[in-house]
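Respectively, the protein sequence lines represent chains A and B. Note that the first sequence covers residues 1 to 161 in the numbering used here. Note that the second sequence covers residues 162 to 641 in the numbering used here.
Any given hint could turn out to be false.
Unchecked claim - Facing chain A, from chain B, some residues (calculated, C-beta under 8 Å):
id, residue
1, L576
2, V577
3, H594
4, T596
5, P599
6, R622
7, A625
8, A629
Since the hints were made in silico from the structure, they are not lab data. Every residue, glycine too, gets a C-beta built ideally from N, C-alpha and C.
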Amino acid sequence: MDSPFDLPDVRWTPVSGRLVTARRIVSGAGMLALGVLGAGAAVLLPSSWWFLAAAAWVALLGWQLWLAGRQVRAIGYAEREEDLLVRRGILFRSLSVVPYGRMQYVDVSAGPLERWLGIATVQLHTASASSDATIPGLVPQEASRLRDRLSRRGESRLAGL
Amino acid sequence: MSDEPAASAPVPPPAAGEPRWERLHPVTPVLRSWRVLVVLLVLYGQERGRSAASGQDLPGHVEVLVAAAALVGCVVVAVALSALSWRATRFTVDDEAVRLNSGVVAKRQRVARLDRLQAVDVVQPLVARLLGFAELRVEVAGGAGSQVKLAYLREADAQRLRNLLLARSAGLAFEGDAAPEAPEEQLVEVPFGRVAGSVALSGAMVALLVVLAGVVVSVVVTGEVGVLFGAAAPLVGLLGGLWTALSKGANWRVAASPDGLRLRSGLLESRTQTVPPGRVQAVRLSQPLLWRLFGWWRVQVNVAGFAGEGSEAASASTLLPVASAAEARAVLSLVLPALEADLAATQGPAGLAAGLSGTSAEGGWLVAPRSARWVDPVSWRRSGALVTEGALLVRRGRLRRELDVVPHERTQSLLVAQGPLQRRLGLASLALHSTSGPVSPRAEHLALADATALLDEQATRARAARAAAGPERWMERPGA
């Protein structure tokens, strides 16, 4: 996808398509709960307006499923010589630059759903709470490779605060 | 502060082998527990007042006796518990670190490396101050609750310990047991009248007046006095906030010493804070709308280790609660010595003024394009960024003016963000991430190409500046 944030000479790595599945399952489960509630209410209070609500529900579900795919495709990262770039978002886009030398620690995490799908999240922490370098949806090999690489680079460029 | 004979010092001579563990002053349990007495008295008073108001009899002798006995019992228990904790607390200082062992049931040992020390505070709450005791707080970068608190010490001992910590942290070589106190030169003393004025012209005061006016109007219109009780809580809250601002800002003095900035403040509780050189991560100068009448500015900083902890953190990260532009500039040039020369080189005589109140691209400021008026009609002209040799300056705000300065080597990470409206107008905002604190620089609504170019260049500049940064022990830097 072409992004207005493209910097020269940067090759973006996309994240795994399994993240799309993960996000679709999460939003689908939420929609299902809403649907069950709505169906229950429709049985108790019959009204022809419920058809409209059902149509809206289907439209919302479709939109969420479609959005998950686009959002995941918008996520990308690039390891440059001295810093890590992370971009995300479609409507609200952002691009962050985190120098390896500022890194304090790296987190790799995976919830039950992520583990089942075989993906993990890598997060880079600096001394600033607002630094935003989270890369979701990495396959485990890539996650551990990235973790090791980031921590090696961080170590070699350690500069206190 | 004149040094007393070293014989009574709690600071051990750097003995060979075993470190000498010191205790806090034995008065600590009492100083820590007197609050219990006050809280209990207030609670009891409230309860009595309520029952008296509802028409019950005044307390009899028996009740007073029982209440007094309970009170004494509670205080004794509080002092005894505190004494146990005091017995378990020991500290020591060596060349590398300050160590604190504490805890009665769960033991805790904390070691804070002196080369990572961010600031040292000597705090004296009212009662401790009257009795000549002080609390020493050693701040290290580690977020909320990372400080090492030594409470209470004799005032002179606290001062001596502070000098020792700063000297060791600076890597200063000195003879004997006691480190010399760094000479200091007073730069700014904020007159009390100005502090009072700044509080009187603050947003909280305006809110207070609005609430008061509302109460008066509604009492007059409805003839009901009950409104007063409803408004009591917000009024007390606002008054409390104003009082805090006044008492923390009173007697504010800033001095320069080789150990860094020394800040003294406080009306009842006094506080002496030392921020060593190179610990300041970012600076903000801000001016609420009404302060423009007198040209006053507030100077705040981000220092790693002051994170969290509400109003305490807020007051710890204030360099000057209210200052004239000249004083603010003097303190700024002390915190960031290279800035003034940089600005003079790129800005000419206008210098800092364009950052403080400028609304144009004059002097090389990167400003928001005209299309930004659709997203920020009031202050789009103010929004801008300036790159100098050593720092990035970001200005914003038409009504409340703000100027943030971040040295290149202190930039943690950078972010360009773009919302849907900005995207339509070809704009983007650039945020610089600093350590936690009041300063969070963000250049709003720059042209997209400018923002991404600045992001890329700034990443390079920050790297170069970091590579050239000096050691953490500031007296070991060349030229120090």
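Going through the hints against the structure:
no. : hint : verdict
1   : L576 : holds, 4 Å
2   : V577 : holds, 5 Å
3   : H594 : holds, 4 Å
4   : T596 : holds, 5 Å
5   : P599 : violated, 13 Å
6   : R622 : violated, 11 Å
7   : A625 : violated, 10 Å
8   : A629 : violated, 11 Å
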